[in-house]
Amino acid sequence: MEFRIAAEELKRALYRAQGIVERKTTMPILSNVLVNATKSGVQITAFDLDVGIVSEHPAEVTKPGSLTLSAKTVFDIVQNLPEPQVTVRKLPNQYAELQSGSAHFKIVGMSPEEYPKLPKEESASLVSVPGPVLLEMIRKTAFAISTDETRYILNGVFFEPREGGKVRMVATDGHRLALVERELAGDFKLKGGVIIPRKGLHELRRLLDEAPDAECALGFAENSALFRKPGLTMVMRLIDGQFPEYQRVIPKEGERKVRIPRVRFIEALKRIALLSVDKSNAVKIGLTSNQLRISSQNPDLGEAKDDLDVHYDGGDITIGFNARYLTDVLSVLETDEVSFELGDDHSPGVVHAPGDRTYTAVVMPMRV
Amino acid sequence: MRAILHVDMDAFYASVEQRDRPELRGQPVIVGGHPRRGVVLAASYEVRPFGVRSAIPMARALKLAPTAVVVPPRFAAYAEASEQVFAILERYTPLIEPLSLDEAFLDVTASQALFGPPAEIATRLRREIAAEVRLPASAGIASSKFVAKIASDLAKPDGQREVPPEQTREFLAALPVSRLWGVGPKLEERLHRLGLRLVGDLASRDEGWLTARLGDLGAHLAALARGEDDRPVIPDRSSKSIGAEDTFEEDVADLEVLRPRLHAQALRVARRLRKAGLRTRVVQLKLKLEDFTLQTRRCTLERPTDDGQELYRHALALLERAPLPRPVRLTGVSAQELDEVGEAQLGLFGEPPRRSEALNRALDAIADRFGRGAVAPADVLSLEEGEPVDELRARAGASRLDLAAEPKRSPS
Chain A
146 MEFRIAAEEL KRALYRAQGI VERKTTMPIL SNVLVNATKS GVQITAFDLD
196 VGIVSEHPAE VTKPGSLTLS AKTVFDIVQN LPEPQVTVRK LPNQYAELQS
246 GSAHFKIVGM SPEEYPKLPK EESASLVSVP GPVLLEMIRK TAFAISTDET
296 RYILNGVFFE PREGGKVRMV ATDGHRLALV ERELAGDFKL KGGVIIPRKG
346 LHELRRLLDE APDAECALGF AENSALFRKP GLTMVMRLID GQFPEYQRVI
396 PKEGERKVRI PRVRFIEALK RIALLSVDKS NAVKIGLTSN QLRISSQNPD
446 LGEAKDDLDV HYDGGDITIG FNARYLTDVL SVLETDEVSF ELGDDHSPGV
496 VHAPGDRTYT AVVMPMRV
Chain B
38 MRAILHVDMD AFYASVEQRD RPELRGQPVI VGGHPRRGVV LAASYEVRPF
88 GVRSAIPMAR ALKLAPTAVV VPPRFAAYAE ASEQVFAILE RYTPLIEPLS
138 LDEAFLDVTA SQALFGPPAE IATRLRREIA AEVRLPASAG IASSKFVAKI
188 ASDLAKPDGQ REVPPEQTRE FLAALPVSRL WGVGPKLEER LHRLGLRLVG
238 DLASRDEGWL TARLGDLGAH LAALARGEDD RPVIPDRSSK SIGAEDTFEE
288 DVADLEVLRP RLHAQALRVA RRLRKAGLRT RVVQLKLKLE DFTLQTRRCT
338 LERPTDDGQE LYRHALALLE RAPLPRPVRL TGVSAQELDE VGEAQLGLFG
388 EPPRRSEALN RALDAIADRF GRGAVAPADV LSLEEGEPVD ELRARAGASR
438 LDLAAEPKRS PS
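Residue numbers (this note's numbering), protein chains in the order written: chain A, 146 to 513; chain B, 38 to 449.
Just so you know, these hints were derived from the structure itself, not from any lab.
Computed footprint of chain B on chain A, listed as stretches where at least three residues anywhere in the stretch have a Cβ under 8 Å from a Cβ of chain B:
id: 1; region: 315 to 326
id: 2; region: 502 to 513
For the chain A half of the interface with chain B, some residues (derived, Cβ under 8 Å), not all of them:
id: 3; residue: P389
id: 4; residue: V394
id: 5; residue: A427
id: 6; residue: P444
id: 7; residue: N467
id: 8; residue: H491
id: 9; residue: P493
Keep in mind it's a predicted model, so treat the numbers as computed, not measured.
Beta carbons are placed, not taken as given, at the ideal position from N, Cα and C, and that holds for glycine.
Kindly generate the complete structure, drawing on both the sequences and the hints.
What follows is the structure in structure tokens.
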């Protein structure tokens, strides 16, 4: 096998692979990428058994064939080549040779036959989706995904097609929840929803960030999801299980409603959390007539408070929150003001843009 | 320079009885169980001149003081009084190290800015305890824990004594060596043989001379004799472990007898965990056998807990994991790896049920209001009330006292 490719092109493929290939793995081959050269170009695959990306790249293929390359090593090499072009050649005993100008690298590889097969995707029914919408939906929910490995059902985002060509994405870690509903017309042929794992979602977000306006398609088959954009296919295994009944925990409407300037709220939360107890980020939020007070207390450090003028005429309440749970939500909203709804000090707080509940975040309080 | 208080209630159980039963005031009162087989749990100051003190057998006490009034213990009342006392202590500093139900160290170094010099704090504490709980307390004031403790002992009853830092050596010098922490009868004898009778004898000796004869212990004693003791006051909230242990007067071989004791110990540990806002991930069972050998068995929990029933289940499993090689003279349950209750964070989906939390909240509220004995598991209650378990009690003897008492910390 032998081909000549732009170093820039190879670098792009390997950059994408970095997030996927396993550094510490019990299967050494998973730290490699699979390189397939055909008449039409070069195909590069990175796969960790859960998430896989296959990308196509233009190259002058002189001899078709396949080999594997260490994703990390070759990524480092291609960033340090003397010429803009590189020739990749397969040598006996799974060695690969990289040559660029006067530089030669002889790299240890593994047999491409050992490379694991990606999940089958032919049966997926692909729906074309606008990249920016998908990106927004991920951005507005991903932060709420649980990182607790013991609660694997919550280690992803629930993707749920709704009536009227809409799709909901919901993520929760059991303490807070984020729900976004947007138009994604098309038939995903799903019964109910599926759970897209965090890692796959993270890679998807990277791919969408690369070129948000590109034409994208998303589909599902068996227990995997398929994403496609020009020159690139991504597959990921879905999380198998029942997502919790999230509707149940979203309060209809809070008794106490207040509108708060968003950026001012974020800044105040961040500074007051500096004195919260042991990185718990616990702050107290006190609402009285037209005033919102954020305060914190730490027996070892001291105490802090900040007052915001707001429009509020509900009853007085003091309630504790993890400030980060609030700033996470506030940071992905775009409006100047946000609507913050509360029940009592044991009931969840709800954050959304004023008059718009298509994006809603629910945050459980802390006992203070 | 630190300001340490040692606050100690005077003849605690007996004082509670005299408070609640006016006819006992001024009388020689013994709080104790079975007149033939039990031990003295507390002796009022009126009965002490007869030579009666706590932990001696009842039979002997009654021989010494035939006219004494014997009162059966009411542990719930003592626990309640104890909590009231600790609530008063907490007004002056969060740095409180409880030693037992009626005794604690306080570090008031930082409290002076608010409440004045330590002797004044001691006066106020004692005045408030007298006014609100109607019980006498004594206090020692010094710059270290052990000197404060000696000072409070000397101030008893109903007094206080301050040992200013510059007078510490002089104060200690006149005391017998047995006053030093860690000096028991055996070591005392050894010191006597070396011609060391008073703390002053120790202090005047060259440290090299002492270490040559006593090893590391020599250096340790020399430091104590100079009044050097930098052990901090460790409140439950920042301690590395919280435990409860009881020494039985007679060795116990029967698991049936040990179970309710472990249960009571587990509940005690859990209650202290909750009070300190901590949870534990490791439960340790300590067994001291007849021959004084020590066994510890421990297990790690899947998730941290502050629930006494859960601690008990694990402690019991540890006890039953292996047969007892010999009768046991002491059991202890302790919580080893402590986490702060980060779970002040409420969950969205009625988390995998922790029903025990609501239950414990309710039980703690009841205990705060009506005393700890108000609600208790039947097996633990039977220990305190002693109805059908007289025999059991006789076998385990002295542990009744310890059962009600807060766990003892070994002077480390």
